[in-house]
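J.: Chain by chain, the residues:
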Amino acid sequence: MSAQGPTLPRWLAAPALGWLGVFFFVPLLVVFLISFAARGTYGGVTWTFTGANYAALADPLYLRIYARSLALAALTTAFCLLLGYPLAYYIARQPARRQAAWLVLVMVPFWTNFLVRTYAWIFILRTEGLLNTVLLDLHLITDPVEILYSDTAILIGLIYGYLPFMVFPLYATLSRLDPSLVEAAWDLYARPWAVFWRVMLPLTRPGVMAGCILVFVPALGAFITPDLLGGARTMMVGNLIQHEFLVVRDWPLGAAASFVLMGMVVLGVAAYMRVERMRQSS
Amino acid sequence: MAEHSVEMRGVVKYHGTMLAVDHVSLEVRRGEFFSVLGPSGAGKTTLLRLLAGFEHPDEGAISIDGRSMAEVPPNLRPVNLVFQSYALFPHLTVFGNVAFGLEMHRVGRAEIVSRVHAALDMVKLTGKAQRYPSELSGGEQQRVAVARALVNRPSVVLLDEPLAALDLPLRQEMQMELKAIQQQVGISFMCVTHHQEEALTMSDRIAVMDSGRILQVGTPREIYDSPVSSFVANFIGVSNTVTGLVRTVQRAECSIEISGLPPIVARCPQRIAAGSRVTVLVRPERLILSREAPGVGVNALPARVMQALYSGKETVYLLRLTEKLTWKARLSSSEAERERFQVGEEICVAWDPQEALVLNE
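Top line first, the protein sequences correspond to chains W and H. According to the working numbering, the first sequence is numbered sequentially starting from 1. According to the working numbering, the second sequence is numbered sequentially starting from 1.
Treat the hints with caution; some may be incorrect.
[Stated by the list, open to error] Coverage of chain H stretches by chain W, computed from C-beta distances (three or more under 8 Å per stretch; other residues unrestricted): (1) 78-87; (2) 98-104.
[Unchecked claim] Just so you have them, the derived chain H footprint on chain W, three or more residues with Cβ under 8 Å: (3) 187-196; (4) 199-210.
Bear in mind the hints are in silico, worked out from the structure with no lab data behind them. Here the structure is a predicted model, which means the values were calculated and not measured. Where a beta carbon is used, it is the ideal one built from N, C-alpha and C, also for glycine.
Sequences are here, hints too, so could you generate the full structure?
T.: Now the structure itself:
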């Protein structure tokens, strides 16, 4: 693809690049260097060069945290996709004016602080909370369900928090999907599921992938949700990093944990892009 | 086998409060090229969508191949639609597009390959099977869309303005080709168009439609030569019209009085009595222009040449008969060469009374 219109001067990109360079890239470099340093006796950083921090992360204790984070992020992505696709399709097929109203509704939760919204979930999910009260009153359950402070609670919180990130890119591709293509498949004897698998999904794949990346990456590094909704023993990588930096004050180990997380994300996205390129060239 | 591929009985369809299809009854005979001709907004596309199953009639019944289509979803109907925008699947090759319907019907692989290639040969796309739709010209895309429908051997192929997106020379070529393909495969075609020439050249029968209603059904010749209303006459080809009062009826001829002009004589249909108001229609190509008044037995009106439009194969003259009445005369090149008229010239417009059509108002 080539850009349209006149060639723009390069300095238009300079302010943003400068900002990112000073406030993102330089700190990132510092953290990278710290990940190879050693922990000082009273916190702090002793400047040596060692791979010990990375080696320490191979401990099964940490590996379990990474595995749990990957599983929770993957489940979050899957549920967001399952919930978000029908919603995005529904919105995309509404009259133009109603589409805008729907999109605002999807966005409304962002108007409230994320922390406050997560606290709200505590009130919903706790033993004497809204969910249990309603279920008990309806006689659907006899004993309150213990959801809060479990992986299920984290999952619910993550799905809630990241669903809009799935809906927006899906809406963008679905609203550009020519409705007559869906009708054509239907007319050519495709049953509704075949219409979805053979026509809609292949044509909206970019939106699906964008949505999955936008949900998976932040979900993998989430720390507020697991901190508030998860139990004392259910840590995610985000909590581990926070814990190492702020509680244990082992900055080098925290830095190494951050870079392993980043490495996982970069490798995942790179693998996806490679697969996409192969698909396109075949 | 049912005699009719398509039968619609008293079909009514509302879009909101707007009546899109108003008690339409028609049938498409087996193996026939049937066109629905009408201006945009006449409800033609709705008619096709009702047959394809994307919309459901509010009243009336539709049957295809003698089988009622009530409650039958599009994927189970023996029809295939050629969309106006072609609606080719951009992520599939030409082969993948044409094979789609067969794959959905779980036809065997070997049969799919042979039928797809036969269909592509028929629409002259041999060797383009591995291309993607975006790599094809508009005309080629149109052929893929036709092949994608034909390959399934449906009871009827529905075509929604099939040639509208093509430029003129290609459109004329495709008109002949579509007709040839339809005759070759013997499948009924139901084509919706707003283009009268397209409908006239391709169709076995035409239904003229306006505001959701069918105004007339007949062969192209019937529609062209004996339109039932001035709307049909105008739509099927530009007509010159003038209204007047019937003064006398003598055998099959009537004399008609027109305000501001000499009386004219016309072939008089039945059911018209002296004193009725009528519209007289004369086709532009049936007018004879001359400097001197012609002999008796011919209608002749004075006119002033307003404009002469030369377009190679013909010359169109705009003629002013009265302040409010402007007619067109269409002269073939050989006719026009014989005598050229200048803008502003006072001439005589004449026609054989047999050529004029009289419609009751």
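J.: Please write out, lowest number first, the hints stated earlier that are contradicted by the structure.
T.: none
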